[in-house]
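*Asks:* Protein sequence lines correspond, in order, to chains A and B.
For the first sequence, the working numbering assigns the number 1 to the initial residue and increments by one for each residue that follows.
For the second sequence, the working numbering assigns the number 1 to the initial residue and increments by one for each residue that follows.
Think of the hints as simulated: they come from the structure by calculation, not from any bench.
Note that this is a predicted model, so its numbers are computed, not measured.
Incorrect hints may have been included.
Restricting the straight-line Cα-Cα distance to at most 30 Å, the calculated cross-link-like pairs of lysine-lysine (DSS-like) are [claimed, not checked]:
id, chain 1, residue 1, chain 2, residue 2
1, B, Lys-232, A, Lys-55
2, B, Lys-216, B, Lys-266
3, B, Lys-59, B, Lys-125
4, B, Lys-267, B, Lys-111
5, B, Lys-124, A, Lys-55
6, B, Lys-232, B, Lys-216
7, B, Lys-206, B, Lys-135
8, A, Lys-53, B, Lys-125
9, B, Lys-59, B, Lys-267
10, A, Lys-53, B, Lys-124
11, B, Lys-267, A, Lys-55
12, B, Lys-206, B, Lys-267
13, B, Lys-206, B, Lys-230
14, B, Lys-125, A, Lys-55
15, A, Lys-55, B, Lys-31
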Amino acid sequence: MKKITGETIIGKILLMIALSSIGALFLITVFIFAEGLPVIFKTGFAAFITGMKWKPTREIFGILPMIAGSFAIMAGAMIVSVPFALCCSIYLAEFAGDLMRRVVKPAIELLAGIPSVVYGFIGVTVLVPFIKNYIGGNGFSVLGCSLVLGVMVLPTITSISYDALRAVPVSYREGALALGATRWQAVKMAVVPAASSGIIAAVILGMGRAIGETMAVIMIAGNSLIVPLSPLDPVRTLTSNIALEMGYASGSHRQALFATGVVLFIIIMALNVLASRIINRAVK
Amino acid sequence: MRPALIKVILFISFFSCCAVFPAPSIAQSGKLMIAGSTSVQPIAEKLAEHFMQKRPGIKIEVQGGGSSAGVQAALSGAADIGMSSRELKESETALKKFIVAYDAIVLIANKSNAVEDISREDVKKIFAFEITSWKNIKGSSAAGTITVLTREDGSGTRGAFEELVMGTAEIAARALVQDSTGSIREIVSNDIDALGYISFGSLNDKVKALSVDGVKPLMQNFLAGDAASKYKVIRPFLFLTREPPAGAALEFMNYIRSSEGVEIIKKEGLVPVL
Numbered sequence: 001m002k003k004i005t006g007e008t009i010i011g012k013i014l015l016m017i018a019l020s021s022i023g024a025l026f027l028i029t030v031f032i033f034a035e036g037l038p039v040i041f042k043t044g045f046a047a048f049i050t051g052m053k054w055k056p057t058r059e060i061f062g063i064l065p066m067i068a069g070s071f072a073i074m075a076g077a078m079i080v081s082v083p084f085a086l087c088c089s090i091y092l093a094e095f096a097g098d099l100m101r102r103v104v105k106p107a108i109e110l111l112a113g114i115p116s117v118v119y120g121f122i123g124v125t126v127l128v129p130f131i132k133n134y135i136g137g138n139g140f141s142v143l144g145c146s147l148v149l150g151v152m153v154l155p156t157i158t159s160i161s162y163d164a165l166r167a168v169p170v171s172y173r174e175g176a177l178a179l180g181a182t183r184w185q186a187v188k189m190a191v192v193p194a195a196s197s198g199i200i201a202a203v204i205l206g207m208g209r210a211i212g213e214t215m216a217v218i219m220i221a222g223n224s225l226i227v228p229l230s231p232l233d234p235v236r237t238l239t240s241n242i243a244l245e246m247g248y249a250s251g252s253h254r255q256a257l258f259a260t261g262v263v264l265f266i267i268i269m270a271l272n273v274l275a276s277r278i279i280n281r282a283v284k
Numbered sequence: 001m002r003p004a005l006i007k008v009i010l011f012i013s014f015f016s017c018c019a020v021f022p023a024p025s026i027a028q029s030g031k032l033m034i035a036g037s038t039s040v041q042p043i044a045e046k047l048a049e050h051f052m053q054k055r056p057g058i059k060i061e062v063q064g065g066g067s068s069a070g071v072q073a074a075l076s077g078a079a080d081i082g083m084s085s086r087e088l089k090e091s092e093t094a095l096k097k098f099i100v101a102y103d104a105i106v107l108i109a110n111k112s113n114a115v116e117d118i119s120r121e122d123v124k125k126i127f128a129f130e131i132t133s134w135k136n137i138k139g140s141s142a143a144g145t146i147t148v149l150t151r152e153d154g155s156g157t158r159g160a161f162e163e164l165v166m167g168t169a170e171i172a173a174r175a176l177v178q179d180s181t182g183s184i185r186e187i188v189s190n191d192i193d194a195l196g197y198i199s200f201g202s203l204n205d206k207v208k209a210l211s212v213d214g215v216k217p218l219m220q221n222f223l224a225g226d227a228a229s230k231y232k233v234i235r236p237f238l239f240l241t242r243e244p245p246a247g248a249a250l251e252f253m254n255y256i257r258s259s260e261g262v263e264i265i266k267k268e269g270l271v272p273v274l
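Using the sequences and the hints, build the whole thing.
*Replies:* Shown next as structure tokens:
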């Protein structure tokens, strides 16, 4: 009897701790919306997200350049990372020997452990001058950001796709091989299609990571307030807008930064919901 | 609402502290009301904070409102000291002025660029993206597209630059934005085509400070009396009083001139009066 009481208490304590993390999420959400919505309502939601001019000290709030910037570097990062991540995960899941897998997989996962400021520093000291000298523009560009972010999201996409591929039952491979397929044909025609929703979810989570990255982007993107029309144009993203200006922002400027956060919050929520829907569909 | 709440809490705790530990009254005690320019406000607050630690008997309250409001407050006596970040107009010269510090903006270029001097008019055109190539700037050895670097909206340095150089023109959206003097300096030191601005106090030898309209950014040129040899991209931070300062106000001004005050001013990137 006594033992059971102890068990229940521990259960309750764990429940409370688990709920407190949800509580933190709830508080953050309420706070962001409470601070950000007044400016959105004052400017008008449509005017806020389609406005081309951002002059917060003159009370002009339009974040279209930042939305465009966020999506531009997200797309660029996907173009860079998806092919690599896919090849990597297929190799690791289907072709690699035990030894290779034991070396390569942790090495890729190590990329996720490098602090983003280090990526940013490498980007600004190596990549930016390289782009300026050999490709064009002033170096601070969508291109540079895409390359760095592409490497940063590589571990996310690789390891989730890898799990999806490993989750495909062995019978699929055996069936394909028994029908006379080569190993590559079995992977291409049976395993990858079966894992496709997991792989798509991996890409979407990678997108969320790319759009949420801040430090490295601030250092490499140039943070200009223009809609990028070329890969060599500088950009400002939603995240870097907040981090750049929060130092001296006060009054409605500060609220407008929270409003930027609201838009970012909605985009990231949408991506996550999309990803978990796709994963759920795959499970069924 | 939130800052207001914090102020109330601070206010209450401040008084409760006073009640428990009565301040040792050395000489004067009293309250000083300072109001005006939001550019001067941060340094005034910083100085007041340190001063009040040394002289718990004196309470200083610093409020914003703008330079014109500061002048008005000093004239009407609504504040003991008015703050202004612009020189006084003819009609305002009845006020006694005390220079807290100078806020000088220096234009910086890469050391391997031969350019030494730039006109304010050209700087304005460069930041408005009407001039985009170093080829159009006299004395420049760089010939590429100018990498234009600016600070983020809300920064005091940017505010001073807009006021002293841009006037009614706007910094173009295409300009690269960095959120610290350090990163502007770093980019300029690595990019031969870069042009940026920082406060005089943050200048170091990794970058080259340009003369503006033929005048070098040097201390003696900040203080020069005649218009031809005076450095133009500078503004004074003024304390204004209706009567010659006395009592707590005088004590605070003496503190600003003390070695401790000068250190605080330097740390904030401003030019102290020596």
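*Asks:* State for each hint whether it applies.
*Replies:* Hint check:
Taking the CA atoms of B/Lys-232 and A/Lys-55, the gap is near 26 Å; set against the 30 Å cutoff, the hint holds. At roughly 20 Å between alpha-carbon atoms, B/Lys-216 and B/Lys-266 fall within 30 Å of each other, so this suggested pair holds. Simply put, B/Lys-59 and B/Lys-125 have alpha-carbon atoms about 46 Å apart, too far for the 30 Å limit, and the pair is violated. Between B/Lys-267 and B/Lys-111 the alpha-carbon distance is near 25 Å, which keeps this suggested pair within the 30 Å criterion.
Pair hint B/Lys-124 plus A/Lys-55 holds up; C-alpha atoms about 18 Å apart against a cutoff of 30 Å. For the hint pairing B/Lys-232 with B/Lys-216, the CA-to-CA distance comes to about 10 Å; that is within 30 Å, so the pair holds. A hinted pair counts as satisfied when its Cα atoms are at most 30 Å apart, and B/Lys-206 with B/Lys-135 qualifies at roughly 23 Å. Proposed proximity of A/Lys-53 and B/Lys-125 is supported: the alpha carbons are some 20 Å apart, at most 30 Å.
Proximity of B/Lys-59 to B/Lys-267 is assessed by CA-CA distance (about 23 Å); at most 30 Å being required, the pair is judged to hold. Annotation: proposed proximity of A/Lys-53 to B/Lys-124 holds, straight-line Cα distance about 20 Å (limit 30 Å). With a CA separation close to 29 Å, the supplied pair B/Lys-267 and A/Lys-55 stays within the 30 Å bound. At roughly 19 Å between alpha-carbon atoms, B/Lys-206 and B/Lys-267 fall within 30 Å of each other, so this suggested pair holds.
At most 30 Å may separate the alpha-carbon atoms for a hinted pair to count; B/Lys-206 and B/Lys-230 meet this at roughly 25 Å. The suggested pairing of B/Lys-125 with A/Lys-55 holds, with an alpha-carbon distance near 19 Å, which does not exceed 30 Å. A threshold of 30 Å between alpha carbons decides the hint, and for A/Lys-55 with B/Lys-31 the separation of about 38 Å lies outside it, so the pair is violated.
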